[in-house]
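Undergrad: Sequence:
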Amino acid sequence: MSACQSVGDDWLSSGFQGANATVAYWLNSAEQHRLEPEQLKQLPGAAIYAKLGENATATMVLSELDETPTYTVKRWVTQSEALTTRYGRIIRTQGLGQNLIYTAKQTTDPLGCWIQNVAAATNTCPTMWRSYQDIETSNARVSRVHSRHELNWRGEERVQTPLRGDIRTRLLEEQVSVLSPFQSDEMTNESLSTWNNFYWISLNDGVVVRSEQQLTPSTDNRILISEARY
Numbered sequence: 023m024s025a026c027q028s029v030g031d032d033w034l035s036s037g038f039q040g041a042n043a044t045v046a047y048w049l050n051s052a053e054q055h056r057l058e059p060e061q062l063k064q065l066p067g068a069a070i071y072a073k074l075g076e077n078a079t080a081t082m083v084l085s086e087l088d089e090t091p092t093y094t095v096k097r098w099v100t101q102s103e104a105l106t107t108r109y110g111r112i113i114r115t116q117g118l119g120q121n122l123i124y125t126a127k128q129t130t131d132p133l134g135c136w137i138q139n140v141a142a143a144t145n146t147c148p149t150m151w152r153s154y155q156d157i158e159t160s161n162a163r164v165s166r167v168h169s170r171h172e173l174n175w176r177g178e179e180r181v182q183t184p185l186r187g188d189i190r191t192r193l194l195e196e197q198v199s200v201l202s203p204f205q206s207d208e209m210t211n212e213s214l215s216t217w218n219n220f221y222w223i224s225l226n227d228g229v230v231v232r233s234e235q236q237l238t239p240s241t242d243n244r245i246l247i248s249e250a251r252y
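Going left to right, the sequence shown walks through residues 23 to 252 as the numbering used here numbers them.
Since the hints were derived computationally from the structure, they do not count as laboratory data.
No residue lacks a Cβ here, since even glycine has one placed at the ideal position from N, Cα and C.
Possibly wrong hints are sitting among the right ones.
[Unchecked claim] Using C-beta positions, here's what the derived DEER-type ranges look like:
{"hint": "1", "residue 1": "Thr149", "residue 2": "Gln64", "range": "38 to 46 Å"}
{"hint": "2", "residue 1": "Glu172", "residue 2": "Leu246", "range": "17 to 25 Å"}
{"hint": "3", "residue 1": "Gly177", "residue 2": "Ser213", "range": "23 to 31 Å"}
{"hint": "4", "residue 1": "Glu76", "residue 2": "Arg176", "range": "19 to 27 Å"}
{"hint": "5", "residue 1": "Gln197", "residue 2": "Glu58", "range": "33 to 41 Å"}
{"hint": "6", "residue 1": "Pro91", "residue 2": "Ser215", "range": "30 to 38 Å"}
{"hint": "7", "residue 1": "Ser215", "residue 2": "Gln101", "range": "30 to 38 Å"}
{"hint": "8", "residue 1": "Ala143", "residue 2": "Ser215", "range": "28 to 36 Å"}
{"hint": "9", "residue 1": "Thr216", "residue 2": "Leu193", "range": "16 to 24 Å"}
Use the sequences and the hints to build the structure in full.
TA: Rendered as structure tokens:
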């Protein structure tokens, strides 16, 4: 991932700031890269691999965890970038060329329901979700993207992880359609553009061990996330 600006202190929890020197070393090293399994074992907490577009893969460490009975929000950081995820969905970014600064209607996002029911024989979760995202460009201009999301299971796949080995997952496909801001919820007009997001969810513990998400209509803003250290 490409660094564009520094992550503010408010993005780093006190627990993260007080972690051992291993994390500080990797975050402040000149090269952000994909840590090998033996290096991952030295970290005091969870980590992910993240790849933005054609950029190099970066290792991001968990800096903050907000867990409630209804949702889980995680903040992941490198020295210069940050991602915030809610049930595995990216809801905010910092330090990228274009940043997702706000995701609307998070409380009605059905992704958490699908994750919690990953092993269910029949689906009881909502399949449709409407939202909008505010995107900030490199020149500080903000644009709003209205979107419709349709979720469906796409079978089972096995995903290889560095430390937990081979994990049996269920693949969730999410078709995202960009809508005109003037469309009402009842309208089903043709979308301005579409793409698919994917979430590989562990059938054993419901963890999103891998995801492929596009934040804007530009494929340059497609992020691949995979579990590094659980």
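Undergrad: Of the hints given before, which are not true for this structure?
TA: Every hint satisfied by this model.
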